[in-house]
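J.: Sequence:
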Amino acid sequence: MPQGSPGSALSEREVQIAIAPLETLLREDLGAAAAAVDQWLQDISCGLLDLQSVRYHLEASVPVVANAFALVDALLDIAELVRNPSNDPLQWVSLGINLIGVVPVPLGLARARMVLRPVLHLTRQKLRRNPRANLGAVFLEILEGHLHANLRGELEHYVDGALEQLPAMLEAAGQTASQLFGGLAGLLKDAASGNLDAEVNHARARQQLAQVALYDSLFEVDAWTLAAAALANAGEGLLKSAYNGVARQFDEALPKLLQPLIDSLERLAARVPRFLDTLGQAEREQSIAWLLQRLLQTVRAHPPQRGMAAAVKADTTRQARHVLSEGHNESLSRQAPVRQAPNPRKNGPCPCTAHSIGYALGNELLSHTDFSLSGPFPVTWTRTYNSRLDKLDNGILGA
Numbered sequence: 001m002p003q004g005s006p007g008s009a010l011s012e013r014e015v016q017i018a019i020a021p022l023e024t025l026l027r028e029d030l031g032a033a034a035a036a037v038d039q040w041l042q043d044i045s046c047g048l049l050d051l052q053s054v055r056y057h058l059e060a061s062v063p064v065v066a067n068a069f070a071l072v073d074a075l076l077d078i079a080e081l082v083r084n085p086s087n088d089p090l091q092w093v094s095l096g097i098n099l100i101g102v103v104p105v106p107l108g109l110a111r112a113r114m115v116l117r118p119v120l121h122l123t124r125q126k127l128r129r130n131p132r133a134n135l136g137a138v139f140l141e142i143l144e145g146h147l148h149a150n151l152r153g154e155l156e157h158y159v160d161g162a163l164e165q166l167p168a169m170l171e172a173a174g175q176t177a178s179q180l181f182g183g184l185a186g187l188l189k190d191a192a193s194g195n196l197d198a199e200v201n202h203a204r205a206r207q208q209l210a211q212v213a214l215y216d217s218l219f220e221v222d223a224w225t226l227a228a229a230a231l232a233n234a235g236e237g238l239l240k241s242a243y244n245g246v247a248r249q250f251d252e253a254l255p256k257l258l259q260p261l262i263d264s265l266e267r268l269a270a271r272v273p274r275f276l277d278t279l280g281q282a283e284r285e286q287s288i289a290w291l292l293q294r295l296l297q298t299v300r301a302h303p304p305q306r307g308m309a310a311a312v313k314a315d316t317t318r319q320a321r322h323v324l325s326e327g328h329n330e331s332l333s334r335q336a337p338v339r340q341a342p343n344p345r346k347n348g349p350c351p352c353t354a355h356s357i358g359y360a361l362g363n364e365l366l367s368h369t370d371f372s373l374s375g376p377f378p379v380t381w382t383r384t385y386n387s388r389l390d391k392l393d394n395g396i397l398g399a
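So for the sequence shown, my numbering puts the first residue at 1; every next one is plus one.
It is worth saying that the hints were derived from the structure and are not from the lab. Among the hints, erroneous ones may be present.
[What the hints assert, rightly or not] 20 angstroms max Cα-Cα, derived EDC-like pairs, lysine to aspartate or glutamate:
hint	residue 1	residue 2
1	K256	D43
2	K189	E59
3	K189	D43
4	K126	E283
5	K256	E266
6	K189	E283
7	K256	E283
8	K126	E141
9	K256	E364
From a predicted model like this one, the values you see are computed outputs, not experimental measurements.
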């Protein structure tokens, strides 16, 4: 193929967001996403910032609801936008969706907003490659099961209400994103100049130790938990004091090194409210309002069936049941790596290709029978080849 032709460059594969029943997302998956955020923070700050320090400094100024999945994904979106800044508002859709799951606006509708986040991610992933794709009844059944596991009401009423509340949610999301970008810029400034506030952690430790003294013996376990947390906070304060001493030794070199990143974060903090406000325009394809409009059109095109067919006999009792899908779903952009291959006999979906390449680990597995002897005590000699067991190739039995 000639050099420079359109097919010569491989296009980078888009990030696939895991949208699955909540019970299938493990603690390790959330830990893997948080570890990616922590590593990014350490990389951009020369090791002076991590996820814990950002949490201690921003949790008071950036109010969010208790949805760890949405918050970690929002921080990953911020990391991606810092690495690859874009003036296209559609590149900010994922951040807007994740912030909807954490902003405390509108008041009293926290659960509804948390339910909306997986709905938007699932709809966007369905329509991203083909905006004219038919969502279909099966797609709506998944959403209805997710909705009914958290809220009562019809899917059409819920989506219609989400469209009405979208401008307020996007405005709050823009303010929260601006605070996150600005807060990171401020933390980098303090880290570069050696002014990280170590007293914040010492004050937290003193407060928690004072709470320990107030508990009676019935709450001994909780008291020890608080004491351990206070010890961790005090240790964090000592680390900040050490960081400050190291940063001051760099004099002007470290601020100059971090200043371009600080300027970029401040520019993003100023632009993000305008970009997220644009996502409320339904006429803009792939915006959040457009996704909700497409979803609403699909819901109205597939009205719920009010009755169910059942054979009725005069002398017997019959039941008609409607069973919804799995229930509450969640979305996460990072998952922990797979540790072992699935058992083909126990795993429902196809675990490998027709040529024995496993989907989980990418390993090749095949069995070869050398000979089989019949008789009262039959013997079958079969060798199993697994690409993950290459270290056994030089064993006494050979490959």
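J.: Hints the structure violates: just list their numbers, smallest first.
T.: 6, 7, 9
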